[in-house]
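S.K.: This is what each chain is made of:
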Amino acid sequence: MNAFLALVARDLRLAGRQGGAATMAVSFFVVTVALFPLGVGPELELLGRIGPGVIWVAALLATLLTLDRLFQADLEDGSLDLLALGPLPLSLVVLGKCLAHWLANALPLLLAAPVLCLLMNVPLKGVPMLLAAMALGTPALSLIGAIGAALTVGIRRGGVLLSLLVLPLYVPVLIFGVGAVDAVVHGFPAGGALSLLGAASLASLVLSPLAAAAALRLSLE
Amino acid sequence: MNRPPHQISRMSLHRFANPTRFLRIADAVSPWATGLAVLLLAVGLYLGLAVAPPDYQQGQTVRIMFVHVPAAWMAMACYSLMALASAIALIWKHPLADLSAKAAAPLGAGFTAIALVSGALWGQPMWGTWWVWDARLTSFLVLFFLYLGYIALWQAIDDPTRAARAAAILALVGFVNIPIIKFSVDWWNTLHQPASIVRMNGPAIDVSILVPLLVMMAAFNVYFVALLLWRIKAEIIARRVRTLALARVEPEAGA
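These protein sequences, in sequence, are chains U and D.
Anchor point for the first sequence: position 57 equals 57 in the working numbering, and the numbering is continuous, going up by one each time.
The number in the working numbering is simply the position in the second sequence, starting from 1, with 1000 added.
None of these hints come from the bench; they were simulated from the model.
Beta carbons: idealized from backbone N, C-alpha and C, even for Gly.
A couple of the hints might just be wrong.
[Stated by the list, open to error] Listed next, with one range per pair, are the computed distances between beta-carbon atoms:
#, chain 1, residue 1, chain 2, residue 2, range
1, U, P114, D, W1127, 34 to 42 Å
2, U, L38, D, T1129, 24 to 32 Å
3, U, H186, D, V1211, 40 to 48 Å
4, D, A1120, U, R10, 45 to 53 Å
5, D, W1127, U, G41, 27 to 35 Å
6, U, P89, D, A1113, 38 to 46 Å
[As the list claims (entries may be wrong)] Some but not every residue of chain D turned toward chain U, in silico, with C-beta under 8 Å:
#, residue
7, V1142
8, L1146
9, L1148
10, G1149
11, A1152
12, L1153
13, I1157
14, A1166
15, I1169
16, L1170
17, V1173
18, V1176
19, I1180
20, I1181
[To be verified] In silico lysine to aspartate or glutamate, DMTMM-like type, Cα no more than 25 Å apart, as pairs:
#, chain 1, residue 1, chain 2, residue 2
21, D, K1182, U, D182
22, D, K1093, U, E221
23, D, K1093, D, E1235
24, D, K1233, D, D1158
25, D, K1233, D, D1027
26, U, K125, U, E45
Given only the sequences and the hints, what does the whole structure look like? Please build it.
M.R.: So, in structure tokens, the structure goes:
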């Protein structure tokens, strides 16, 4: 447990001191969303309707941007070898790194989302639901993304390949995430979509550390 | 290849012990499979295009079904086969399983593309639009992307052993996700008709249309088997060429 916490703390310290990374993801998130009114026109009603979807898609892309560094830096400086030899099972190493990735990259998105809701004229009653859906769904993004990051670690132009591998797997999170907000906005219960989002996160919590660890072992051989 | 050179040749002998037997069987089977595929395709197309009556609502466009439905069927069957082969490759390290998964992927992508394009051509006269963001169409599009990602991963990694295992992990992850994607888009939006052949109270299709459809399905299946055998054979030969090329470089490198 200590080793696990130490790993999470190390990754968070690295993210904090390198600076840039986390704030860059948030800036990308904000800029991408801000482009949409310029692209589709400033009509408030339309923006309100597409707002939750646009914010979710921007969150997927922002997560994707930070994923390619998840294991890459550790592979390059050799600390991934040490982590693999250490007392912690490799799947728990993956889990720890995902937790740190979520805290450093997804949590700031969550904090920025309410402001973007105002920019996109998302109905006020949908805002808490969007935050709840993102809180439930973004762990799945980090965890599923870890599989793609582990598969593409050490590959030339791995970042482009990573998006091709991971984005199709993000489809359910996107659909249920937007579904929950739309349900609340239109006065329907959102419990079903939220439960499914939670289920996606829980299932990926169990399965993706195993798959990502198996993929990492390949690049360590 | 990080292994010392003397191990490469030993490994490859071990590796190709089994594929040799496969090649013998494949050589015996593939002419029959190819012939049967051509025959079934000819019969199926004749029945579908000339004999089957036009639909009372859809008219002649119903004949698109004879290509669309078998292609869609094979697109899904092909991914299942890929996932099964990947599991076998990861668990038992069966050398042929890797190759069959790799060989099946472009075929599956092709069938998916055929299903999507023929569906669009069918949708235009029937629904009045080439494309709708309907559950079935969307999940098929995602399936197509999964195939593309799988093929891209194979191409991105140079070492075939590593590429095989990475691709196998990806195929299994995708296989877990396919039902989830399917259900998520099912609840999201639906226009495409539900399944009408495999049903509890028998098919909902008239015999005059069902028979050509089944013949075409058989034709697509045999066609797939014939192509798959060819592609696996080509893969085995390509690996042998690679091993021979490496073996030729060895003495120079060692000297």
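S.K.: With reference to the structure, classify each hint as holding or not holding.
M.R.: Hints, verified against the model:
Remark: the range hint 34 to 42 Å for P114 of chain U to W1127 of chain D is upheld by a beta-carbon distance near 40 Å. The hinted window of 24 to 32 Å between L38 of chain U and T1129 of chain D holds, with their beta carbons roughly 28 Å apart. At about 47 Å, the CB distance of H186 of chain U to V1211 of chain D agrees with the hint of 40 to 48 Å. Between A1120 of chain D and R10 of chain U the beta carbons are some 51 Å apart, a value that agrees with the proposed interval 45 to 53 Å.
At about 28 Å, the beta-carbon gap between W1127 of chain D and G41 of chain U stays in the expected band of 27 to 35 Å. A hinted range of 38 to 46 Å holds for the C-beta pair P89 of chain U and A1113 of chain D, which are about 41 Å apart. With its C-beta approaching chain U no nearer than about 5 Å, V1142 of chain D sits inside the 8 Å limit, and its interface hint holds. Look at L1146 of chain D: its Cβ gets to within about 5 Å of chain U, closer than 8 Å, so that hint holds up.
At about 6 Å, the closest approach between the beta carbon of L1148 of chain D and any beta carbon in chain U falls short of 8 Å, and the interface hint on this residue holds. Evaluation of the G1149 of chain D hint against chain U yields a held restraint, the C-beta minimum of about 4 Å falling below 8 Å. Against a cut-off of 8 Å between C-beta atoms, the interface hint on A1152 of chain D holds, since the closest Cβ of chain U lies about 6 Å away. Given hint, L1153 of chain D at the interface with chain U, holds; its Cβ is 6 Å from that chain's nearest Cβ, closer than 8 Å.
Given hint, I1157 of chain D at the interface with chain U, holds; its Cβ is 6 Å from that chain's nearest Cβ, closer than 8 Å. Checking A1166 of chain D against chain U: minimum C-beta separation of about 5 Å stays under 8 Å; hint holds. Contact between I1169 of chain D and chain U, as hinted, is supported at the beta carbon level, the nearest pair being about 5 Å apart and thus within 8 Å. Interface restraint check: L1170 of chain D against chain U, minimum CB-CB distance 6 Å, threshold 8 Å, status holds.
Of the supplied interface hints, the one on V1173 of chain D holds, with its beta-carbon coming within about 5 Å of a beta-carbon of chain U, less than 8 Å. A hinted interface residue such as V1176 of chain D counts as satisfied when its beta carbon comes closer than 8 Å to some beta carbon of chain U; here the least separation is about 7 Å, so the hint holds. The beta carbon of I1180 of chain D is positioned within 8 Å of a beta carbon in chain U (closest approach about 5 Å), and the interface hint is therefore held. The interface hint given for I1181 of chain D holds, since its Cβ lies 5 Å from the closest Cβ of chain U, which is under the 8 Å cut-off.
For the suggested pair K1182 of chain D and D182 of chain U, the alpha carbons sit about 20 Å apart, so the restraint of at most 25 Å is met. The straight-line distance between the Cα atoms of K1093 of chain D and E221 of chain U is roughly 16 Å, inside the 25 Å bound, and the hint therefore holds. Using a Cα cut-off of 25 Å, the hinted pair K1093 of chain D and E1235 of chain D holds, with the two alpha carbons roughly 17 Å apart. Taken as a hint, the K1233 of chain D and D1158 of chain D pair is honoured in the structure, with Cα atoms around 20 Å apart against an allowance of 25 Å.
With a CA separation close to 9 Å, the supplied pair K1233 of chain D and D1027 of chain D stays within the 25 Å bound. Simply put, K125 of chain U and E45 of chain U have alpha-carbon atoms about 15 Å apart, close enough for the 25 Å limit, and the pair holds.
Hint violations for this structure: none, all hints satisfied.
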